[in-house]
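Participant: In order, the protein sequences belong to chains A and B. Mapping of the first sequence onto the working numbering: residues 424 to 639, in sequence order. Mapping of the second sequence onto the working numbering: residues 424 to 639, in sequence order.
To be clear, the hints were calculated from the coordinates, so they are not data collected in a lab. Keep in mind the model is a prediction, meaning the values are calculated, not measured. Hints may be right or wrong, so weigh each one.
The list treats identical chains as interchangeable, and a pair is accepted whether it falls inside one copy or across any two copies.
What the hints assert, rightly or not - List time: in silico EDC-like cross-link candidates among lysine to aspartate or glutamate, alpha-carbon distance up to 20 Å: (1) K636 with D601; (2) K511 with D607; (3) K636 with D604; (4) K636 with D470.
Protein chains: 2
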Amino acid sequence: MNVAVLGTGVVGQTLATKLVSLGHAVTMGSRQSGNEKAAAWVASAGDLASEGSFADAASSGALVVNATSGMASLDALVAAGAQNLAGKVLVDVANPLDFSQGMPPTLNPCNTDSLGERIQRAFPETRVVKSLNTVNCNVMVNPALVGGSHTMFMAGNDDTAKADVRALLESFGWPADDVMDLGDITAARGLEMYLPLWLRLWGATGTGHFNVKVVL
Amino acid sequence: MNVAVLGTGVVGQTLATKLVSLGHAVTMGSRQSGNEKAAAWVASAGDLASEGSFADAASSGALVVNATSGMASLDALVAAGAQNLAGKVLVDVANPLDFSQGMPPTLNPCNTDSLGERIQRAFPETRVVKSLNTVNCNVMVNPALVGGSHTMFMAGNDDTAKADVRALLESFGWPADDVMDLGDITAARGLEMYLPLWLRLWGATGTGHFNVKVVL
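The following block holds chain A by itself, in its conformation from the complex (with noise of 0.2 Å):
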């Protein structure tokens, strides 16, 4: 499959390192093509890897990962095109912390919205499901790095593109019993205010390597 990974942080090299060890031909997107991470990237990364601008990555894959900086994604997504979005499923993978203010950084949205349903708003033609974004980029892609089991959440509208997102996290090592289906995408709120806990359990186990289990 092609698959746009936007953003060219340590999430997006991550995520896209692992979907070309999967096999897929992925295109990094940026602002500009020929962006020095995404170029470096591509120089380790092999044949099935490539880079070019927001619009040129969303408009090669049949499935988008935004991986871009929470504050910046919208701006990165109209700048990828409603239109070579549209139809396609996007795995919002961002959380929008806000560090203008210093440490903590605070979430923007926060409360009453969230950034997977302003993506969605403003996508109304794509497809959004907000996952990964509750654990570090290691886990996302190698639940395994957290020993027994634990939970990957996931919420949209769509409940093929959940479908489609579900195979790709099996295909992560994510077990089929540990990703848990929250419903529409409003639930992107609770996932995203997850991160000011998250970041206090970063602080009190001195691992990124960790994940929260629900247990019954």
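Using the hints, position chain B against chain A.
Facilitator: For chain B alone, kept in the frame of chain A given last:
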């Protein structure tokens, strides 16, 4: 120990009943002594149970539990009286859920502040510990309702207060290894902002008797 439980709702009644069953003398506090729900609880709860105003309860308790509705907690604590709370451990189990705009509730405060922090700032001589707010009240006092091990968080500025709360949690049945200290009271922000996810997990699991376990 004499314990004040502020609040007459399901959470307050559940905690008060558990505390009495453990041999504590519990005074349930409400806006006015003679509150109907508090009186009914006293009538059913035995000789260790009493009720009174918020100030009556706070003055009699060596430990104070804030189980009032989160949006009303600061007013309740002002009525309880700073002098009656000074030096004491206050376990804040409340969530500042605002249902005034319908479902889902929003949090007020949120993102840049929390109820736990507000209480600590308003009552600097009180040793506030945020805990128990991340589970249903039946699970608070009976963690075995949830299968296997799962995690209870606490946060506060005073280590001896947290040791007292840890002992209380253990008396409720929480294994020591399942209690996680997230640091100072600013972690209350993450603990309260978990509520929107908790509400979606409630919906997805179909039961309030669940929790999360932190897995490394």
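Participant: Can you name, in rising order, the numbers of the hints this structure does not satisfy?
Facilitator: 4
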